[in-house]
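> Listed below are the residues making up each chain.
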Amino acid sequence: MNEFVETLLDLPWQIGDPKPAYDVVIIGGGGHGLSTAYYLATRHGITNVCVLEANYIGSGNSGRNTTIIRSNYGLAESVRFYQRSLELYQGLEAETGCWVMHNTKGQIWLAHSVTAARTEQTRALMNAACGAHTDYILPDEIKARCPQIDLTGGGRYPVQGASYHHEGATARHDRVVWAYAQGALRKGVHIYQHTPVTGLLTESSSSGVDRVTGVQTANGAISAGTVLCAVGGRVSVVAGWAGVRLPIRTHALQAFVTNAYAQEFAPIVSSNDLVFYISQTPRGQMLIGAEYDRQASYRTATSYSYLQACSAKATTMFPFLSKLRILRSWAGICDVSPDFSPILGDSGVEGLMLSTGWGTWGFKAIPVAGEQLAEHIATGVAPPLSAPFGLDRFSTESVMADPSSAGTR
Amino acid sequence: MSRVVYDQTPIEFVEGDTLAVAALRNGRHPARGGTLCLAGDCGNCVAIVDGVPWVRTCQTAARPGTVVRRHPSAGHPSPGGPESHAHVAVRHRRADHVVIGNGVGGAAAAAQERAAGPDVLVLDAGDGNEVIGIFDGPTVVVRTADGIDQLHAHHITLATGAAEIHPVCPGNMLAGIYTPKAATALRNAGVDLGRVVTVGAELALLVATADGDRVAAVELADGTRRDCDSVIVELGSSPRDVLARMAPMVPVSVVGSASTPHALPAAPTVGIVCPCGKITVEDLDRVWQKGFCELELVKRASLTGVGTCQGGVCMPHLRAFVADRAGTEPQPFTARPAARQLTLGEAAAGYHIDTFRRTPLHAEHVALGATLDRFGGWFRPWHYGDPVAEYWAVREAVSLGDVSTLGKMIVSGPDVIEMLERLYPNNVHDIKVGRARYVINLNERGHILDDGMILRDDDNRFTLTFTSGGASTAEMWVRDWIETWGLRVHVLDRTVSHAAINVTGPLAAELLGRAGVADGERPGFLQHRRLTVAGVPCHVMRLSFTGEASFELHHQIDRSVELWQALMHLGAPLGIKPHGLQALFGLRCEKGHIIVGQDTELDSSPRRVNMDWAVKFDKPAFIGRDALLRTAPLPDRRRLFGFTMPGPAPLEGSVIRVGGEVVGHVTSSWDSPLLGHAVLLGWQKRVPHVDVVEIDGREARVSRVPFYDAQGQRARA
Amino acid sequence: MTRRANVHAPELACVPLVGWRIVADPSVLDHVRWPKGSMAVRISPDDVFLIGAAEPSVTADAHAIVTPEHGFAGIDLSAAEVIAIAEQHIEWELPSQLPALAQGQVAGVPAKLVRHADGSALLLVACAASNELVDRLNR
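The listed protein sequences derive, respectively, from chains A, B and C. Heads up: the first sequence at position 4 corresponds to 4 in our numbering, and the numbers run straight through without jumps. Heads up: the second sequence at position 697 corresponds to 697 in our numbering, and the numbers run straight through without jumps. Heads up: the third sequence at position 126 corresponds to 126 in our numbering, and the numbers run straight through without jumps.
Hints are computed from structural coordinates only; laboratory data are not their basis. Cβ atoms here follow ideal geometry from the backbone N, Cα and C, with glycine treated the same way. Keep in mind that a hint or two might mislead.
To be verified - Label pairs and their in silico Cβ distance ranges:
1) B:Gly516 to C:Met39: 32 to 38 Å
2) B:Asp136 to A:Val381: 46 to 52 Å
3) B:Gln331 to A:Gly188: 32 to 38 Å
4) A:Asp346 to B:Arg630: 19 to 25 Å
5) B:Val14 to C:Met39: 24 to 30 Å
Build out the structure end to end from the sequences listed, making use of the hints.
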């Protein structure tokens, strides 16, 4: 029997159509929408919640990412936020009883120049001060942790050092989505697939939309005390229905996996200068990604130049990869905010809350964002960990600019 | 007869054999078992070929001495140890029309296109042209017998035909099972299949031999049993349209059976559906029962269709399964490159990650023993062995620095003043000819993008400089704004055409004198002039980043070595030494000069770095003005400070704390040899800002900057 | 892994070029008659790289920038070498109407290909990157 199927959880779907009203309606049945529903139900006893998914659950970026969990950011607020997420991930299997294939691997972030070494040194020091376990390490230790590396970088990118993030981890993306879905369903949350939201129910005055009171779907309206928009890509469209203009640009992020090989590559390795990252999945595939496409777009097609660039970078640092075979490439779409940090919480219009700006760092934040938003919805107050990431930061000169930590530029 | 080595045994092959056929000719299954299509559709013939795992042996020609090993029977093949890059040739080719597939449909399409005139290229996997993907362009990427072809085409016709459906039943991973076309190919190759039984949908069970590896008999739905050595299973076919499904935005015409709807097989009831993942019908059922009730969820939950063949074998069965359970026939899932397999080495071939640039003085630095490092795509000297000695040469004698990488630009035109006034937050119109001014560049958000100098050459002509890091985008930035404003200004970027040597130190003027510059000719502080220095025509700019009197000598790059060598020679009696970036960063740190990108952050407004003085609101427009006016009344917590503390200097990046709380970090840190203590720049991002902070567990005090020569007398000397 | 023997061209030589750079109104540049024997490379509508001439005079545009240009190096290529290099190192389509100037990456290095009427060409590259280009073409 297939271990993967054997350990699969079940999804106890509700019977029947959506109710006409819920306390909370969440648009988007990806990791973020489902984790918010889960924490509303489990932490705050709010179970009169409905999650509406346009396709199938996890069909968006939750199922199109590179599954890396880490907290080695550059700003104190970000380190604390992602560290909380990393810790929630560590406890997720115990809490939900679902095997999400969580695997602590450690992440090496390489520096190939003095400038990059300063960045990695800075990262390590700030991480350590804010509760994340990161050290600056030298080439000998890098080689010990990852014997496959060519420390000369093909003669062009000699490794000067790296930050080493001990708790860097991966988990199976789909299984995280399903774990939260199962937990939410068991508490009585409703989740409807193939139910696209086509509009918002609003109360308006001459000054525009005053309040969001629910959502419109093809099968009718559903009213809600709070609507949370947790969609990827089309978030600007949804917010636009409420007259909210979001500072979001959407870009595609491509990645690929090779065929499966014996488990020999232990850590996650990223490169500051070369901008790529690599890890081996629990199924043995080498997973390789790089920065998101410069051109803004909603496309999820992949390009050959990306395969070329990524392969060139990866084989430069890891020559053994040259003979490995590319199996499948894909792209997810990344909603990128001007400061490369998420946008969480109030939209500025009553009744509508946001979870967006997830760029290339959405998967790692699924637990913490759900937890924080659930608390925000339940109490009406932005909790300390997520408060710095409010939309209002762009008008109050307190943006959270952390471009070097996004894993992409 | 030539031989290949299969699992350490030499076996003979016939000219024209693929590795799979060679194996079968010798009574071996090329992998371990499973239906063979010999058409590249499945993953049932993969093996390790010359050290490369996962190679489809049915698509790989046998060559004398090829070493083939089967994958381990359990687990996955080892990726193996480090291996040098094998050279893979890359070829860019062009054609008006590319036809993929040379079967009946492909030949017809090609003939039709040729009749219309265009240049038509036909690619067929059977001829050693495996198309691994169709990408934007459109570009067809082809793996050929001897390299990778990138084929840039205007029109693409897909005539890839249909793939034969594999059986799903107990025993379907045994050896000895063939599709009709595979059997025909083997017979044509003269391979003896022994006793053959041909069956169709009535197949119920494949019975194994005593050793369990090969087919011994078939059992049909009606219970009849027929003994055999080989089974040909005829179940129809499904469109081989993966290339079309992977390129939805690229116009591809699909013809022939690749475009014809095919009936799905009967829903599978028992056996392995996905040979790559060894996933059974029972697995699919369990997944379905657990609530994963649509094609994509079944795929994701069971991992059917994500192996080597990417759904090539299992897709018809999986769709039939879902159609049976759900009552509606699902569309196939999206196909993703690579359709055929491609190694990373092959994909990387011919690709250059980036281009490193060298200043004309590169060889001089190397000869002087410099440790070079890359900064913004350039190799630059980090130090020449003793950065502290280099520092002292600047502070006490004279030193040369290679600043050729600075961004340099000439702007000229009737609207040039108007353009520069809008571009920069500082005033420009009052810069006199022959004078220079330090400026910052802001973006529309009022945040610092870069800094540099404006030098007025003439009434309507200026030289602009940018940082080395900012140089690459400066020209585009300037041109974009000129276009946007519709102003008449000519722009010429000089970054790579002009080199620059910074002559700095209290004896810099003396050295220039020795190089032929008369006392009266030397430009004063923040002045610039065209002069001949050591016989080389130079644009001499009197600025200072080091804090000492400094003359930047900008000149044509082909005179650079000559100028450098002359200055080093003339300066020898003055104690001249070149200085690298490490010493320079320390020197400028003592002066409190920021480095954009190191001391600034993405959102650093002028006030955050104490540079309000570089912004003049008494002009109607400049980039960032509206943002700065809007944000000026807002409370702001973030500010860059200078700090001093006893040495040793903490690491750059060290956290700054107040009362144990993290308030920011150190951006620049330097043990000042002259001052005898550490000087630092760093952020306080929490209010109230305080005078005493903790860095590295030690006390540090906010200090006025510059830390050194606050009046700037030395730079002006 | 598939392999194809590398096509070894004879070592290509890259020599520094000396010329002038003229930036002026496009309409003015359209009508300038460049000195006999010189080569004028129209890099963009407002920008000419003039090789092999004395300082040109562009009086019709009072604001023209006319300055020595010593920042480029050039590689002379025969028609056959152009084709061979394009096949291995150029992703974009060579201009079919000759003479022509094309600009883009050659072996990943920004370059300009000045193609003459007979198909031969002068490949221009910034001296700062010529090392990399020559290395890659000769590899």
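> Indicate whether the distance between the beta carbons of valine 14 of chain B and methionine 39 of chain C respects the range 24 to 30 Å.
The hinted range 24 to 30 Å is violated for valine 14 of chain B and methionine 39 of chain C, with Cβ atoms some 59 Å apart.
> Starting from the range 46 to 52 Å, see whether the pair aspartate 136 of chain B and valine 381 of chain A falls in it by beta-carbon distance.
holds, 47 Å
> Is 19 to 25 Å right for how far apart the beta carbons of aspartate 346 of chain A and arginine 630 of chain B are?
Because 21 Å falls inside the window, the suggested range holds.
> Against the range 32 to 38 Å, how does the distance between the Cβ atoms of glycine 516 of chain B and methionine 39 of chain C compare: consistent or not?
holds, 35 Å
> For the hint 32 to 38 Å, verify it against the beta carbon of glutamine 331 of chain B and that of glycine 188 of chain A.
holds, 33 Å
Checked against the numbered hints given earlier, the structure breaks only hint 5 and satisfies all the rest.
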